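A.B. asks: Sequence:
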Amino acid sequence: MSRRVSGNIPGYAIFGIVITALLILSVPFFFSYLHWTNIKSGSAGWTGSAHKVDPELGYVPIPDSNGMMILSDEVRIPVRYDCHGFRIDHDRSPIRTDASEIHVDSLLALGCSFTFGFGVPSQNTYCSLLAKRLGLTPLNAGRCSYGLAEMVILARRLIPVFKPKFVLAQYSPWLADRARLRYAPSFFGLLPHPYFVSGSGGHFRIHSPDFASAIFDVDLDVFRFSRPTLFDFMDFSLNRKFPLVAHDLWHSSRVWLKEALSLIPEPEQDTEKIIRLAYGEIESICSRHGSRMVIIVLGMDGSLSTIPEYFKKLESKVADSQGALTRRLKTCSTEEYAKAYYHWGKNPSVIIDRHPNSHAHKIIAESIQHEISF
508 MSRRVSGNIP GYAIFGIVIT ALLILSVPFF FSYLHWTNIK SGSAGWTGSA
558 HKVDPELGYV PIPDSNGMMI LSDEVRIPVR YDCHGFRIDH DRSPIRTDAS
608 EIHVDSLLAL GCSFTFGFGV PSQNTYCSLL AKRLGLTPLN AGRCSYGLAE
658 MVILARRLIP VFKPKFVLAQ YSPWLADRAR LRYAPSFFGL LPHPYFVSGS
708 GGHFRIHSPD FASAIFDVDL DVFRFSRPTL FDFMDFSLNR KFPLVAHDLW
758 HSSRVWLKEA LSLIPEPEQD TEKIIRLAYG EIESICSRHG SRMVIIVLGM
808 DGSLSTIPEY FKKLESKVAD SQGALTRRLK TCSTEEYAKA YYHWGKNPSV
858 IIDRHPNSHA HKIIAESIQH EISF
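The working numbering numbers the first residue of the sequence shown as 508 and each following residue consecutively.
Simulated from the structure, these hints should not be mistaken for laboratory data.
This structure is a prediction, so every number in the text was calculated from the model and none was measured.
Hints are supplied without guarantee of correctness; some may be wrong.
[Said to hold, decoys possible] Straight-line C-alpha distance at most 25 Å; calculated SDA-like pairs for lysine to any residue: (1) 869 x 834; (2) 765 x 754; (3) 672 x 754; (4) 670 x 564; (5) 837 x 811; (6) 846 x 858; (7) 559 x 630; (8) 853 x 549; (9) 765 x 562; (10) 819 x 837; (11) 819 x 630.
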């Protein structure tokens with residue numbers, strides 16, 4: 508090797524290190540840029556401070572709070588919670604603190620964003636529509652990203668207190684899937700939530716979230732309306748995105764290490780067992796407190812959900828609301844289902860959200876009323 512080449516080796520090494528460092532640094536900035544531009548484009552999400560971290564449920568509504576669901580720049584749906592965390596209409600009087608005064612005429616709904624009514628006003632959710640038809644007070648405890656573990660926890664908390672006449676327990680395949688995962692779906696960042704783990708004697712228990720999410724500490728509202736400048740992007744990256752990523756990487760790495768060392772239990776993976784134990788417990792709680800459980804079957808994309816055989820062993824009614832939705836269509840095509848029941852917007856018209864729209868919620872409410880009337 509010549510002296511000239513050997514003398515340049517340190518320079519080549521430094522150059523290679525600099526290039527490698529720049530490439531490594533460009534990756535987080537690239538993903539931060541994608542997130543930043545997504546917010547600027549009016550992507551689906553939330554504004555306002557309506558939710559907070561909860562050590563048992565992962566997150567919960569802030570009592571007596573208001574927020575806004577965003578489906579696009581043109582479609583924004585207000586959200587209001589009462590002092591108990593139930594979603595209520597903006598023009599409805601909040602439920603009084605003394606729950607004993609209302610327990611005889613209420614209807615409690617448990618589920619995920621399909622029950623919550625993502626993308627529709629509170630008064631158009633199937634919980635509110637059915638309650639109005641039956642002359643009951645709606646208690647909508649459906650919450651976005653929740654699974655079966657959260658539903659069981661809420662059943663334990665709410666049914667003994669409110670003693671509702673009916674408890675609507677959503678069944679969708681993804682609810683059991685979420686109950687065996689450490690993290691719930693979210694628009695950004697990690698959202699640890701409760702999950703099922705095996706216990707002694709064939710029983711199960713619900714494990715608390717592995718750590719507290721930092722999602723609700725990050726204020727992104729300002730970036731939806733600020734000017735898209737370089738300073739704005741750097742402010743977003745350095746003061747919002749990177750601290751959140753660092754938080755999630757640190758805590759998720761600790762969870763991974765604890766799992767590898769068997770210091771924390773692994774989530775239960777037997778979906779049938781989760782379904783059996785979860786809905787069995789909710790029905791048992793209902794029975795002890797004079798409530799009637801109705802299982803609401805909901806699916807996605809027009810495909811019919813397979814109803815678990817175990818439900819035949821329960822005393823509860825099963826409302827096949829997904830079947831009711833598909834039967835209203837001329838054909839069972841994905842395209843026709845989307846046209847009838849998804850959220851559409853912009854010009855030209857495009858799908859802006861795949862949650863059930865107001866028309867779908869009306870049919871769901873009718874299918875439940877038909878089932879409980881027999």
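A.B. asks: Is the hinted pair residue 819 and residue 837 satisfied, with a Cα-Cα distance of at most 25 Å?
C.D. replies: Not satisfied, since the Cα-Cα distance of roughly 30 Å exceeds 25 Å.
A.B. asks: Hinted pair, alpha-carbon criterion (25 Å max): residue 819, residue 630. Please report holds or violated.
C.D. replies: 32 Å, violated
A.B. asks: Straight-line Cα separation of residue 846 and residue 858 no greater than 25 Å?
C.D. replies: 9 Å, holds
A.B. asks: Under the criterion that the straight-line Cα-Cα distance not exceed 25 Å, is the pair residue 869, residue 834 satisfied?
C.D. replies: 14 Å, holds
A.B. asks: Is it true that the CA of residue 765 sits at most 25 Å from the CA of residue 754?
C.D. replies: Holds - the C-alpha atoms of residue 754 and residue 765 are around 17 Å apart, at most 25 Å.
A.B. asks: For the pair supplied as a hint, residue 559 and residue 630, confirm whether the alpha-carbon distance does not exceed 25 Å.
C.D. replies: Answer holds: residue 559 to residue 630 is near 24 Å, not above 25 Å.
A.B. asks: Do the alpha carbons of residue 853 and residue 549 lie within 25 Å of each other, as the hint requires?
C.D. replies: The given pair, whose Cα atoms are some 11 Å apart, holds under the 25 Å limit.
A.B. asks: Regarding the pair residue 837 and residue 811, is the alpha-carbon distance no greater than 25 Å?
C.D. replies: 15 Å, holds
A.B. asks: Verify the proposed pairing of residue 670 with residue 564, using a straight-line Cα cut of 25 Å.
C.D. replies: Judged against 25 Å, a Cα distance of about 21 Å means the pair holds.
A.B. asks: Assess, step by step, whether the Cα of residue 672 is no farther than 25 Å from the Cα of residue 754, and give holds or violated.
C.D. replies: 43 Å, violated
A.B. asks: If you draw a straight line from the CA of residue 765 to the CA of residue 562, is it 25 Å or shorter?
C.D. replies: 19 Å, holds
Hints 3, 10 and 11 from the earlier list are contradicted by this structure; the remaining hints agree with it.
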